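Q: Given chain A, put chain B in place with the hints provided.
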Amino acid sequence: MDFRLSSEQEMLRDGARRFVGATLDFDSRAAANNEEQVHWNKIAELGWLMLPVPEAYEGLGGGIDDIAIISEELGRGLALEPYVEAGFLPAQLMTLAGTSAQCAAILPDLAMGTARVAVALYEPQAGFNLLSDKSQAERDGNDLRLSGTKVNIEGGTTATHILVSAALDNAPALFLIPADAKGIDRIDYDAIDGRILSDFIFTNVTLAVSDQLTGEVDASSAIMQAVDLAIIAQCAEALGGMDRAIELTAEYLKIRQQFGQPLANFQALQHGIANLFIEANDARSMVYRAMSKANASPTDRGRAVSACKVKMMEAARTVNGKAVHYHGGIGVTTEYSVGHYLRRALMLEQRFGNSAFHFERMMEMAYLP
Amino acid sequence: MDLTFKPEDESFREEVQAFLRDELPANLAAKEAQGFHLHRHEISDWHRKLWQKGWVAPNWPSEFGGTGWTPIQKYIFELEYGIANAPELSLIALSMVGPVLCRFGSQALKDRFLEPMLRGDLWFCQGFSEPSAGSDLASLKTTAVLDGDDYVLNGQKIWTTAAHMADYMICLVRTNADVKPQAGLSMILVPMDAQGVTVRPIETIDGDHHVNEVFLDNVRVPEDHLIGERDSGWTQAKFLLGNERTHNAYVGMLRRYMRRIPGSIETELANGLNTAVASELRRQHARLEIDVDALEWSVLRILASEDSTALAAAASAVAVGGAELLLRAGELEMAIFGGQTSAQFRPDGCKALGTSSGAPGRVTQYLYWRSATIFGGTDEVQRGIIWNTLYRR
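These protein sequence lines are chains A and B, in that order.
Note that the first sequence covers residues 2 to 370 in this note's numbering.
Note that the second sequence covers residues 19 to 411 in this note's numbering.
Bear in mind the hints are in silico, worked out from the structure with no lab data behind them.
Given the structure is predicted, the values throughout are model-derived calculations rather than measurements.
By construction, the Cβ of each residue, glycine as well, lies at the ideal position given by its N, Cα and C atoms.
There could be a bad hint or two in this list.
[What the hints assert, rightly or not] Only part of the chain A face toward chain B is listed, based on derived beta-carbon distances under 7 angstroms:
1) 2
2) 3
3) 66
4) 271
5) 279
6) 282
7) 283
8) 289
9) 292
10) 308
For reference, chain B alone in the conformation it holds in the complex:
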């Protein structure tokens, strides 16, 4: 048993911290800290810097441009990245499409898409869920029918994050209706500028725009845009969804919040926050930090584990736990800033008088994380996984 980080991992941590300190633009970090969803154009320069450093794709095999980091090093990078208020890069492209193409894609697809994704020139969105297919994803109805050299797609996707900014959608479609639902799915890359693709924004309760509906009306997609074997889409989807074993990003985000809370309380004391209230909020912070510490070490145990059954259950546990903690952190931050959270968050600034810089975005942040109990497998699906893998038999 070795419960320490290796010296080379501590040096790596320092290297990551130094890079972020020196290279991350302060204004970008400030915007990210406020919790505002940045547009791809605002991130492209930063993406280039990371690409030049060779640090854009921790999840890719190294022969395709991945970093070759150990799970612990990946974890350290994502943690420090989150703490430093560095903005998330094109998540779908780098964390999902890239690994899928590396593993299942043809050489032609790899040659065409991998390099531009690494550079940040190509953005992707994820077309999986449908109005009638959320938790029951395998029941999805969007069809892809081969017609000559093209697949013709008809259907509708929903909750498509970043569809309004994306060049391509990685789309899970039905290519075979004569078999069990899971066995008749394929993964295909759909150009978002193709004829018949319509994107409709969905405004979510946090007041921001991240997700969309995507309507596919006789969209023609070249046959060679199908990834891997026809009807192998479910296997690829499981690979893609299971790739983020540990929801590492939660710990980085949680640490970001935990670290800034004491300073916020101090600032607000000078701003008229009642001292007894401040004392209570400090105690809530300390209690929450215990749970964040526990979550972090649960993640570390997953990273070090090779037992796939235990891993599946533990990953589900961390997903449920992490979502809960993000909400508790949001509640605490809203409580610290009190009435200053009243003005709805706007990117162009806050008109309300006497607003501390830490206040805008706190309500937005909390309302955004309400979807954490839903996306990536609802809490109930996660609990079902725990029961089925550990206790059912």
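Chain A extracted, bound-state conformation:
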């Protein structure tokens, strides 16, 4: 058991912290002109997009622990770039479900940041069911026609490609299609955490048969595995947010004076901060535990990931909520950063299945052989 980062990982973390602090975080992006593509290009230059891509496709073949390091730094800084959702996740899905030709056609460009892939999995009126068959790909001669609706997609506004799940011949399937294909309508909306989400409506979109990912791993297994790992990465993001929120709050309590002394002199507040540390500390442990099962059986991995999500989201709400509270009035302003950690936590809860969904999934998996 060794929880230490390697020296390369320490450099990755330190570099990420510097970059996020200079360019992507809450304070630096407020000052600068928030240029989304410029940021994505810089992320690509740092090699972050190469990390989840196998070496065979001009990537670095990194592991989930590397992705988690970056994600945690992004969470600390409240970065808006959808690194996990539109950087890691599509790379992971392609690697699992694509043929080597299909991977070679997109992954090098994804690693360079020139191809941007939005992942469309969830549907309206389907909860968090990843294998809903409401979106359908029907055979039409030598082609396929895709119809359906997908919701809550990250990175949709800048996507060059869409990786979309749909039922084909009554089985789950994945398709990689150009974002500008005819028959795709997109609705964009602001989420409370500052991200822009998109809903896609596919109306008889013509697909080539070769658009279907037909690699080693079947679509539903690939989706389950990739999403599980994305959840781990997002939980790492939540950790970064919690840790930073606690730091900010402790600093604030030492500076803020009322009744002739710093608020940090009051034991109730000292103990309140200690409680936040206890929550965040245990939540961090669940991420390591889930990472330890990243290569385990789907059931063992799934149970660990779902348990991690449940614990993390509760901790994030508690910690970030209290961080707002301990700031008093300024905690609920948008001008100050601390409230934004809570907003992001509420959105992270709803990405890739919320706590209630994951608790049920964990319960179901407990009874599987």
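A: Relative to the frame of chain A, chain B by itself:
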């Protein structure tokens, strides 16, 4: 980063499980499972077996009879030990006095006491807290005054676990009143059969007897029973109290409870437990198990850590968290057995009709663990440590 157990640690786990399976007497395990505090006479044969195996003293340096295990191996042993319902051996002797003697004691004290402690022939109790000195331990008032070749002790200790069974008390006493409180303390070994030692039992709300008051009335203790340097007692106390870095025992106990709960729910369904209630209790168990998993991995992170500041804060976090989980587990087990927990737990059995074997002791267990938020540093002291080490400056 390596988040797996080494193959040799997994083999060690299997070795421990096999030993416990083959050697732990079933009746002893059954008594322990019910949560009944076993007397030293009931444990002595088992203690001998572990001594013969060389497994009694994981916390001692190997040159003095310790096991030489890595922190992870110690953890694995304590976890499997707890799960198997193996009874706790003489905790004070093995976990506290032994390491202190190994580190600070004279050769004469080591020669005299270490071997009998390892064999299980000598039991110790811990005389630290006093009626006026609990969290503020350094303010303790029991004095030890040198008179010829003896120290003469006067004062009173309280919450002295196992004083009624102990041969010796490791006692924190005041040997110097002219300095700061912490700087005037010494550690001394007091024979419990010495003239002037009176033990008075305290019955606790769990209905069992573990703790006592110990009155010291002009008790003469040979000078060579003082451990280490005079007035160095506070350093030794910090070493002793900090030695159990992680409260490992909590995880073993928690896993014991977690593992038996699903079976208890199944049994009680056949015993008339409402199916909707059973479903709710299963969900509570699953939710609690998430928190036990988190605690376990927080402990593993402490075991692997070398950063002493982070360690102090994390150890305090685990202490607070572990106590809370023990209470939640107790609440859940009481809920499973419902009305069958009504009869107060007695060692000679339960007269109430229709009582499942898992029911007696559940209320006792819960009430016992209420002291977990108090002993070893109250929750508030632990939170203070977290604030002071991580945030104050």
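Q: Compare the structure with the hints numbered earlier in the document and write down the numbers of the violated ones, lowest to highest.
A: none
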